[in-house]
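Residue numbers (full-length UniProt numbering), protein chains in the order written: chain A, 1 to 466; chain B, 1 to 252.
A few of these clues could be false.
In silico lysine-lysine, DSBU-like type, Cα no more than 35 angstroms apart, as pairs [said to hold, decoys possible]:
#: 1; chain 1: A; residue 1: K381; chain 2: A; residue 2: K398
#: 2; chain 1: B; residue 1: K104; chain 2: A; residue 2: K300
#: 3; chain 1: A; residue 1: K384; chain 2: B; residue 2: K219
#: 4; chain 1: A; residue 1: K384; chain 2: A; residue 2: K219
If you want the footprint, here are the derived chain B segments under chain A, 3+ residues with CB under 8 angstroms [as the list claims (entries may be wrong)]:
#: 5; stretch: 113-125
#: 6; stretch: 141-150
Don't read these hints as lab results, they were simulated from the structure. Where a beta carbon is used, it is the ideal one built from N, C-alpha and C, also for glycine.
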Amino acid sequence: MATITLKSFTGLRQSSPDQTNFISHVPSSLSLTQRRTSLRVTAARSSPNLANRNLRVAVIGGGPAGGAAAETLAQGGIETILIERKMDNCKPCGGAIPLCMVGEFNLPLDIIDRRVTKMKMISPSNIAVDIGRTLKEHEYIGMVRREVLDQYLRERAEKSGATVINGLFLKMDLPENWDAPYVLHYTEYDGKTGATGQKKTMEVDAVIGADGANSRVAKSIGAGDYDYAIAFQERIRIPDDKMTYYEDLAEMYVGDDVSPDFYGWVFPKCDHVAVGTGTVTHKGDIKKFQLATRNRAKDKILGGKIIRVEAHPIPEHPRPRRLSKRVALVGDAAGYVTKCSGEGIYFAAKSGRMCAEAIVEGSQNGKKMIDESDLRKYLEKWDKTYLPTYRVLDVLQKVFYRSNPAREAFVEMCSDEYVQKMTFDSYLYKRVAPGNPLEDLKLAVNTIGSVFRANALRREIEKLNV
Amino acid sequence: MSISMALFSPPISSSLRNPYLSPKNSLSLLSVTRASSDNGASTTDSAAVSATTVEIPKPASVTVEEVPSKSPAESSSDETDLPTTETGIKFEDAKWVNGTWDLKQFEKDGKTDWDSIIVAEAKRRKWLEDNPETTTNAEPVLFDTSIIPWWAWMKRYHLPEAELLNGRAAMIGFFMAYFVDSLTGVGLVDQMGNFFCKTLLFVAVAGVLFIRKNEDLDKLKGLIEETTLYDKQWQAAWKEPESSSSTVSSKK
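The task is simple: from the sequences and hints, build the whole structure.
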C-alpha cells in the first residue's frame with residue numbers, strides 16, 4: 001500500500017531524485033508548473049528544486065569567517081568550495097578570543113597559546129589599574145596564533161565535506177537572470193609556491209565573501225566603502241624574566257601620545273609580546289604613536305628584539321550593502337569589528353556560521369535554490385543579536401576615547417569591581433547581562449564623578465598653561 | 001651620591017675609551033658593563049643586544065639606547081659615556097611618594113589643603129602630557145582622584161561656574177520679563193501662567209546651560225550628528241528597497 005502511494009508521488013514530481021523529504025516538497029512541486037512562468041520569485045519556499053544536484057556555494061577567504069561558514073555549509077549538505085589564497089598566512093592580529101568562542105566552536109584547548117586572566121589599564125598619567133579580579137577560575141581570554149586557528153577551522157571544514165582550493169579570487173561575473181549562476185574567476189595555485197598559477201573559472205549558485213577588510217567580493221557587488229583604522233604592531237621577543245610578567249597579563253595604554261582615538265597594547269603571544277597601536281583619524285602619525293607606545297612600556301620590554309613589524313586595516317563600521325542577491329559578506333569583509341575594543345575574530349566566525357545556517361535553512365539542506373530573502377534573514381538575525389553590543393561599544397568609544405580627561409576617568413572607573421564584572425561578563429559571553437539596578441545607579445554616579453574630576457583637572461592644567 | 005658616582009666613572013671610562021669611538025664596539029662596551037653590573041638578565045640582554053645588530057639596524061639602535069638609560073642606579077657611568085636619547089627624565093616631586101601624593105605634606109593649619117593637591121596633580125598630568133614617561137612595575141602610580149572629597153571639587157569648580165551661569169540667567173530673565181511686559185502689558189505673575197512664556201523660559205535656561213562659549217553652538221550640532229552616525233551606518237543595509245536588487249548594481 002505504501003509503495004503504491006510512493007510511486008504516484010514520484011510520478012507527480014518533475015525533477016528531484018530525492019525521495020526522503022518528499023512530504024515537505026509536495027506543495028511546492030504542485031505549484032511548480034504555475035510558478036515557472038512568473039518573472040520574479042521572491043520567497044524561497046516557492047523556489048524550484050535543483051535538478052540532480054545540490055546547491056553550490058563558494059566561500060571566498062579561508063579565515064575564521066570562511067572556515068566557520070564552509071564547515072556549516074558542508075555539514076548542511078551543500079556543495080561547498082572554499083578558496084583561500086595563502087594557506088599559511090600569518091596574519092597581523094591581536095589574536096584574542098573570548099571564552100564563549102571555545103565552547104561555541106568546539107575549539108581544542110591546545111589551540112590556545114596563553115590564557116590571559118589579568119589586564120592592566122594605564123592612563124595618560126600612568127595611573128595603572130588591574131582588572132581581572134572578578135574572573136572565576138575557569139574564565140580567561142584566549143590568545144591564539146591566527147595561522148593555527150585558521151588552519152584548524154579550514155581542516156574541519158574539509159573534513160565535513162568542503163573542497164578547499166588554494167587560489168586567489170580575481171573577480172566575479174554577476175548573473176544576467178535570476179537563475180543563472182555566478183561565474184568566479186580565480187587563479188589556482190594548488191600548493192605550488194612562487195608559481196603564477198592557472199586562471200580558472202567556476203560556476204556557483206551563491207557566494208559568501210569572507211575575504212577580509214580589502215574584500216574583492218565586496219567590490220564586485222558594489223557594497224560600498226567603510227572608514228577603517230590602521231593597526232600597527234611590532235612583535236618583540238623579550239628576555240625570559242620580563243616575559244614572566246606577561247605570563248597571563250595583557251596591557252592597554254591610553255593617551256593622546258599613544259593614539260588619539262584608540263589604544264596601545266602589549267599582548268603576550270606564544271613566546272613573544274606584540275606591542276602595537278592604532279588610529280582612524282591620524283593614520284600618518286602611526287609610527288610616532290608606535291614609538292610612544294614602546295616608550296610607555298619601555299621598562300617592561302627592555303632588552304627586547306623586534307622580530308616582525310606588521311600593519312593591517314580594521315573596519316570601523318559595516319559596509320552600506322552587506323549583501324546583494326545571492327552574495328553575502330561576513331566577517332571583516334562586512335565590517336563586523338566592534339568599536340572600543342576592536343574585536344573581530346569571534347564576530348567573523350559567528351557571522352560566517354550564521355550566514356551559512358541561513359543558506360542551509362533557505363535551501364532546505366541544499367535541495368532548493370536560495371534567494372536574497374534567505375540571506376536577508378541572516379542579516380536580520382545578526383543585527384537583532386549583536387546590534388546592542390555594537391551600540392554600547394560605540395558609545396563607550398565616543399565617550400571615553402575622546403580626550404585625555406575622558407581616558408583618565410575611564411581608567412579610574414575600571415578600578416571599580418562592578419564595572420570589571422560587567423565588562424568581562426559581556427566580553428567573555430557576548431551577552432549584555434542585566435545588572436543590579438542599585439549598582440547601576442552607583443555606577444552612573446561614579447561615572448559622572450570621575451568625568452567631572454578629570455575635566456576639572458584638565459581646566460586646572462589649562463590654567464597652568466596660561 | 002652623584003659625586004661618588006662621578007668618582008667611580010673615570011677609571012671605567014678610561015679603560016673603554018678606544019672602543020667608545022666606533023658604534024659597533026660601543027655595543028660590546030654595553031655588554032661588558034652590563035655583565036659587570038649586578039643584573040641577572042645581563043647575559044640575555046647582551047645576547048639580545050648583539051643579536052639586534054644583525055637583525056634590524058634601525059630598531060636596534062632604539063633598544064640599545066634604552067638599556068643604559070633605564071638603570072640609573074647601577075650604571076650611571078653608562079649614561080655619561082654613551083649618547084642616550086633621554087637620561088630618564090622622570091616626574092619627581094618631594095610630595096610625590098610611592099606613586100601617590102603624600103597627604104601629610106599638604107597640611108595647612110592642621111587640615112589638609114585639598115586645593116593644593118588638586119593643583120599638584122594638575123601639574124603632574126601636564127608634565128606627563130608633555131614628556132610621556134614609561135610605566136614601571138617598581139614604582140606603580142597609585143593615585144586615585146576620589147580621595148579628594150567631593151566638596152573640595154564642588155567649591156573649586158562647580159560653585160564659581162554655577163555663580164556665573166545663574167548670573168547670566170538672572171540678567172536674561174530680568175530683561176526678558178521687562179521686555180515682554182513693556183510689549184504686551186502682561187506682568188511677571190501673569191507671564192508665568194502663560195504657556196508661550198514658560199516655553200521661552202525653558203529655552204532661555206537650556207541656552208544658558210548648554211551654550212557657554214560661541215563655539216558651543218557648532219559643537220552641539222556636531223554632537224547630534226555624531227550620536228546618530230553609527231546607527232545610520234548599520235541601518236544602511238536595510239535602507240535599500242528590494243527592487244534595486246533587480247537593477248544591475250555595479251559591474252565595477
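Which of the listed hints are broken here? Per hint list: zero violations.
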